[in-house]
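I would like the entire structure built from these sequences, with the hints used as guidance.
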Amino acid sequence: MNGEESQWLTVLIAVLGGAIRVGTPFLFVSLGECLTEKSGRINLGLEGNLIMGAMAGYGVAWITGSAWLGVLAAGATGVVLGFVHALLCQQPRVNDIAVGIALMILGTGLAFFIGKPLIQPTAPHLPALHLGAWSDNPALRAALEINALFIVGVLLAPAMAWFFRSSRWGLAIRTVGESDDAARAMGLNVNLVRMLATMAGGFLAGVGGAFLSLYYPGGWSEGLSSGQGLMAVALVIFARWDPMRCLYASLLFGGAGALGPSLQAVGVTSGYYLFNAAPYVLTLILMIAASSTKVRSGMPGSLAAR
Amino acid sequence: MSTLALEAINVSKRFGDLQALDKVSLQLRQGSIHALLGENGAGKSTLVKCIVGFYVPDDGEVLLGERQQAIANPRDAHDLGIGMVYQHFTLIPNMTVLENLVLARPHLPAVIDWRKEREAIGARMQKMPFQLPLDVSVNQLAAGEKQKLEIVKQLLLNVKVLILDEPTSVLTPNEADEVLGRIRDMTRDSGLSVLIITHKFREVMTYADDVTVLRRGKHAGSARVADTNIKFLAELMVGSEFTSTALARESVAEQTLKLEIDTLKVADDSGKAAVKGLSLQVRGGEVVGIAGVSGNGQRELVEALAGQRPQFYGEIRIMGEAYAGQRADLLRHGFHCLPEEPLRNAAVGRMSVAENLAFRRFDRQPFSFGGWLRRGAMRAAATQAIADFNVRPPVPGIPIGNLSGGNVQRAILARELSERPNVLVVANPCFGLDFGAVSEIHARIMAARNAGTAVLLVSEDLDEILELADRILVMSGGRLVYETTPTEADPVIIGRHMAGHGEETHAH
Numbered sequence: 001m002n003g004e005e006s007q008w009l010t011v012l013i014a015v016l017g018g019a020i021r022v023g024t025p026f027l028f029v030s031l032g033e034c035l036t037e038k039s040g041r042i043n044l045g046l047e048g049n050l051i052m053g054a055m056a057g058y059g060v061a062w063i064t065g066s067a068w069l070g071v072l073a074a075g076a077t078g079v080v081l082g083f084v085h086a087l088l089c090q091q092p093r094v095n096d097i098a099v100g101i102a103l104m105i106l107g108t109g110l111a112f113f114i115g116k117p118l119i120q121p122t123a124p125h126l127p128a129l130h131l132g133a134w135s136d137n138p139a140l141r142a143a144l145e146i147n148a149l150f151i152v153g154v155l156l157a158p159a160m161a162w163f164f165r166s167s168r169w170g171l172a173i174r175t176v177g178e179s180d181d182a183a184r185a186m187g188l189n190v191n192l193v194r195m196l197a198t199m200a201g202g203f204l205a206g207v208g209g210a211f212l213s214l215y216y217p218g219g220w221s222e223g224l225s226s227g228q229g230l231m232a233v234a235l236v237i238f239a240r241w242d243p244m245r246c247l248y249a250s251l252l253f254g255g256a257g258a259l260g261p262s263l264q265a266v267g268v269t270s271g272y273y274l275f276n277a278a279p280y281v282l283t284l285i286l287m288i289a290a291s292s293t294k295v296r297s298g299m300p301g302s303l304a305a306r
Numbered sequence: 001m002s003t004l005a006l007e008a009i010n011v012s013k014r015f016g017d018l019q020a021l022d023k024v025s026l027q028l029r030q031g032s033i034h035a036l037l038g039e040n041g042a043g044k045s046t047l048v049k050c051i052v053g054f055y056v057p058d059d060g061e062v063l064l065g066e067r068q069q070a071i072a073n074p075r076d077a078h079d080l081g082i083g084m085v086y087q088h089f090t091l092i093p094n095m096t097v098l099e100n101l102v103l104a105r106p107h108l109p110a111v112i113d114w115r116k117e118r119e120a121i122g123a124r125m126q127k128m129p130f131q132l133p134l135d136v137s138v139n140q141l142a143a144g145e146k147q148k149l150e151i152v153k154q155l156l157l158n159v160k161v162l163i164l165d166e167p168t169s170v171l172t173p174n175e176a177d178e179v180l181g182r183i184r185d186m187t188r189d190s191g192l193s194v195l196i197i198t199h200k201f202r203e204v205m206t207y208a209d210d211v212t213v214l215r216r217g218k219h220a221g222s223a224r225v226a227d228t229n230i231k232f233l234a235e236l237m238v239g240s241e242f243t244s245t246a247l248a249r250e251s252v253a254e255q256t257l258k259l260e261i262d263t264l265k266v267a268d269d270s271g272k273a274a275v276k277g278l279s280l281q282v283r284g285g286e287v288v289g290i291a292g293v294s295g296n297g298q299r300e301l302v303e304a305l306a307g308q309r310p311q312f313y314g315e316i317r318i319m320g321e322a323y324a325g326q327r328a329d330l331l332r333h334g335f336h337c338l339p340e341e342p343l344r345n346a347a348v349g350r351m352s353v354a355e356n357l358a359f360r361r362f363d364r365q366p367f368s369f370g371g372w373l374r375r376g377a378m379r380a381a382a383t384q385a386i387a388d389f390n391v392r393p394p395v396p397g398i399p400i401g402n403l404s405g406g407n408v409q410r411a412i413l414a415r416e417l418s419e420r421p422n423v424l425v426v427a428n429p430c431f432g433l434d435f436g437a438v439s440e441i442h443a444r445i446m447a448a449r450n451a452g453t454a455v456l457l458v459s460e461d462l463d464e465i466l467e468l469a470d471r472i473l474v475m476s477g478g479r480l481v482y483e484t485t486p487t488e489a490d491p492v493i494i495g496r497h498m499a500g501h502g503e504e505t506h507a508h
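Top line first, the protein sequences correspond to chains B and H.
The opening position of the first sequence corresponds to residue 1 in the working numbering, with each subsequent residue numbered one higher.
The opening position of the second sequence corresponds to residue 1 in the working numbering, with each subsequent residue numbered one higher.
One or more hints might be untrue.
To be verified - Some, not all, of what chain H presents toward chain B, calculated at C-beta under 8 angstroms:
1) Ala70
2) Asn73
3) Pro74
4) Thr90
5) Leu103
6) Leu108
7) Pro109
8) Val111
9) Phe431
Unchecked claim - Which residues of chain H face chain B? A partial, calculated answer using Cβ under 8 angstroms:
10) Phe15
11) Leu91
12) Asn94
Said to hold, decoys possible - Pair ranges (Cβ atoms, derived):
13) Pro127/B - Asp113/H: 37 to 43 angstroms
14) Leu155/B - Thr96/H: 23 to 29 angstroms
15) Thr96/H - Leu129/B: 38 to 44 angstroms
The hints are simulated quantities; they were obtained by calculation from the structure and are not laboratory data.
As the structure is a prediction and not an experimental result, all values here were calculated from the model.
Note that beta-carbon positions come from the ideal geometry of N, C-alpha and C, so glycine has one too.
Here it is as structure tokens:
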């Protein structure tokens, strides 16, 4: 094996590891957004949930000494923000996009404000599973150091797909998302279903935030999320509102996010910032691709009706 | 069989200022088809929605099998064996037929075993009056199949009383006969009782056993169909206030040339030529009717004229000046248009009636002043227009999409006729309307013509063209292929030209 080849292998392994590490928050936020959008509402505020979740998760983990309690706390802040979003959106003449943007700014600002004292202290990290212990290749070992939350997310995607397909509640959410009238004719409480779906979606986004602060990159700082919550919304469109495709798309976005750092690791420094921009470029490309009508098949009816 | 399946007694319902239902009673005999007849806005839909618990009536009661039942929501109605097929489909387009059928069940298990459901529903489907493929997504079904699916959905729930809200409005006459015929068979075979909302007399006379007529929210009369006739029902439906509104054609002295279309070519959505070099002229005080089977370029012609399809070749001139369909052109030339499907083509469904009525002039006085909209003025103008054109319900603040088809048509016509139009283009203005609304809209068009407007009427309804037009043109394959006048018109020859076989009649 010559040096050139092994370098590219290293990049490949690093991108793979990055896909898992960077992709996990995408996965949680996109599953949350998928759940919310299936009920016929768009929550752009998940970026705010993500950052609030990161801050709250880090704070609680630091105070209690338990990273897992931190994850729960992060989810709980997401539930609260989701509740606020749903409550505002179900008022007459209120637009969910506008409310989402407002809550995104609110969540971000609130997290920076409350989180100021959390920049210094060190909270316990979430444990990782060393699945690469069999290999002597340090790069591979690092790549296969997989966080338990990722496993949870990977199991969650098919579980959610099954939930939408075969459970009464899943069908209720889909019905509400497809048509208010159809749902009402079935005797469903449209606002209640949307509220629960938005709160559950908020929980998942909050957990995604906890992954950011409690595992990778780890620590609390104001630059922790760089628009990942918003990109996850684009990702849901790309995934055509299918939880399994959300999983694949998250890995793709994660891999794109890891491209810059891994190239730098092997000494490719030219165009570093350009490669770092890969996820954003990918978002743009996906948005353009998604504007063709074909991709919109699978879009919940009440979203398409706008 | 004279036991009652369902009885409504003195049901009243009020929406704001509007008394939608005023002490209406109705008796549905078991094993019969009962028609509920009335014009748009007469309260038919409100009454049945009260019966199924979609609305809670302000007063009155509903008896089911001679016992009073509190029906607070559609689920209660389900449990009591009442099923309703709404006028707008309540199917979920992105789901399959099977998923839709399963979802309709009022009490779903927490986890659904799709294999078992498919077997159970597949087996029962065999015994249904209509068979439908289970795994097809509903958005791939034709309108007729969707209507059948809605009915099957209710029948699978073992309903004893089936309520159908204008079930044939989206069906071809053949499909309507099939659906209603099968339903009548079911009332005879299995004791199903059916309440059917309609405004088609033919369906009432052919399929119903009893009929109740509503007029303006009041009970106008009930009868056995065998003991009544169309004329009597029509009088009940429209009431004594009905005087034929047909306006006489007056001769208009000064007939200036207003609208000229010169070798117009327009492409359809796929880029193929739909209008292939069409020329015509319309003078003031003249209705020019374009007859033709839909899909021969009429839609593209109207869209080009309305400015919805700005790319065209050839020339359109109004009063001798070039016209491009821009907003400024519309205002300068007094160009007005009632396109087909006005809710889609000329209105914003989620905006209020008042806002929709202000579209033409929202940025000028009196609707705007110094850059600010004056909602009070819009509302006042809308209230006036609603009263003039009899739009129901007469509430300017509700979204226009909540109005029934005929009322959307009236509202848009109110907007387009609000200032005296110079040129008026009208496309299929009476599609799906009841006869009261049709004669009213025809009278409005004729009044505009008599006042000197140049009217271009594009319609698939030859009778409408024969009634209104001064000159009749036939459009086929994107071209005008024949011209005649109402006095000389022979429907057979026109029909032949519409079908594109005009050459054989040149000898005529």
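Okay, the hints, checked on the actual structure:
1. Ala70: violated (15 angstroms)
2. Asn73: holds (6 angstroms)
3. Pro74: Status holds, d = 5 angstroms.
4. Thr90: holds (4 angstroms)
5. Leu103: It holds, given that the least Cβ distance between Leu103/H and chain B is near 6 angstroms, below 8 angstroms.
6. Leu108: Interface hint status for Leu108/H: holds (4 angstroms vs cutoff 8 angstroms).
7. Pro109: It holds, given that the least Cβ distance between Pro109/H and chain B is near 7 angstroms, below 8 angstroms.
8. Val111: It holds, given that the least Cβ distance between Val111/H and chain B is near 6 angstroms, below 8 angstroms.
9. Phe431: Violated: closest Cβ of chain B sits about 23 angstroms from Phe431/H, beyond 8 angstroms.
10. Phe15: Violated: closest Cβ of chain B sits about 16 angstroms from Phe15/H, beyond 8 angstroms.
11. Leu91: holds (7 angstroms)
12. Asn94: holds (6 angstroms)
13. Pro127/B - Asp113/H: 37 to 43 angstroms: holds (38 angstroms)
14. Leu155/B - Thr96/H: 23 to 29 angstroms: holds (27 angstroms)
15. Thr96/H - Leu129/B: 38 to 44 angstroms: holds (40 angstroms)
The structure does not agree with the numbered hints 1, 9 and 10 stated previously, though it agrees with the rest.
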